[in-house]
Amino acid sequence: RKEVEQDPGPFNVPEGATVAFNCTYSNSASQSFFWYRQDCRKEPKLLMSVYSSGNEDGRFTAQLNRASQYISLLIRDSKLSDSATYLCVVNPANNAGNMLTFGGGTRLMVKP
Amino acid sequence: NAGVTQTPKFRVLKTGQSMTLLCAQDMNHEYMYWYRQDPGMGLRLIHYSVGEGTTAKGEVPDGYNVSRLKKQNFLLGLESAAPSQTSVYFCATKGPSTDTQYFGPGTRLTVL
Numbered sequence: 001r002k003e004v005e006q007d008p009g010p011f012n013v014p015e016g017a018t019v020a021f022n023c024t025y026s027n028s029a030s031q032s033f034f035w036y037r038q039d040c041r042k043e044p045k046l047l048m049s050v051y052s053s054g055n056e057d058g059r060f061t062a063q064l065n066r067a068s069q070y071i072s073l074l075i076r077d078s079k080l081s082d083s084a085t086y087l088c089v090v091n092p093a094n095n096a097g098n099m100l101t102f103g104g105g106t107r108l109m110v111k112p
Numbered sequence: 113n114a115g116v117t118q119t120p121k122f123r124v125l126k127t128g129q130s131m132t133l134l135c136a137q138d139m140n141h142e143y144m145y146w147y148r149q150d151p152g153m154g155l156r157l158i159h160y161s162v163g164e165g166t167t168a169k170g171e172v173p174d175g176y177n178v179s180r181l182k183k184q185n186f187l188l189g190l191e192s193a194a195p196s197q198t199s200v201y202f203c204a205t206k207g208p209s210t211d212t213q214y215f216g217p218g219t220r221l222t223v224l
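So the sequences go chain by chain: L and C. 1 is the number of the first residue of the first sequence in this note's numbering; add one for each residue after it. 113 is the number of the first residue of the second sequence in this note's numbering; add one for each residue after it.
Quick caveat, the hints were computed from the structure, so don't treat them as lab data. Among the clues, some could well be false.
Unchecked claim - Computed cross-link-like contacts, BS3-like style, restricted to lysine-lysine with a CA-CA straight-line distance of at most 25 Å:
no., chain 1, residue 1, chain 2, residue 2
1, L, 45, L, 2
2, C, 183, L, 45
3, L, 79, L, 42
4, C, 126, C, 183
5, C, 169, C, 183
6, L, 79, L, 45
7, L, 42, L, 111
8, L, 2, C, 183
9, C, 126, L, 45
10, C, 121, C, 183
11, C, 182, C, 121
12, C, 121, L, 42
13, L, 2, L, 42
14, C, 169, L, 2
15, L, 79, L, 111
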């Protein structure tokens, strides 16, 4: 079983739609969680951190469910520019090098 | 302020050749990482460094060596390239008091 699992997609949605991605992680002691965005042939960039209480940044909402060990990302009012791959990222516990574990990514395509 | 840079951007090698990838950062970060990204596999950690003069193995270290002689530079070496090392290589850095990693633009390596 992969440590961080995501549906690879692609998710094809029309502009203005709401879309949600889930991600599951296997290490119950994981400490911190993130969503990164990666555009085609570019480097990953931090989209947002995910906090236990849930957090929102404009059209993006991230939620963490520790009991079920999953993280979600909700995108409202999708824009063409949201088309990208979204990487679920976890920082496992007891990690001296502060290494991150990356999911394989979920690809989103927003169509006009 | 360039952030994280990588050289070269592209390279084609023949099996058995050697090469060194350079990662340079001007963010004064202690932690540096080398990843490879393959389709469907996500980002996998090759080696990392928690400070000048230190290195450690990640998830997939075989066939690679690294050096961190200066704080701002992290070198990744391939001693005898194999087709299985065809990939996109990303370098990343991390500063204090945060788990966020900042990525370079990547190096696309093809081994024939």
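What hints, given by number in increasing order, does this structure fail?
Numbers 4, 8, 9, in rising order.
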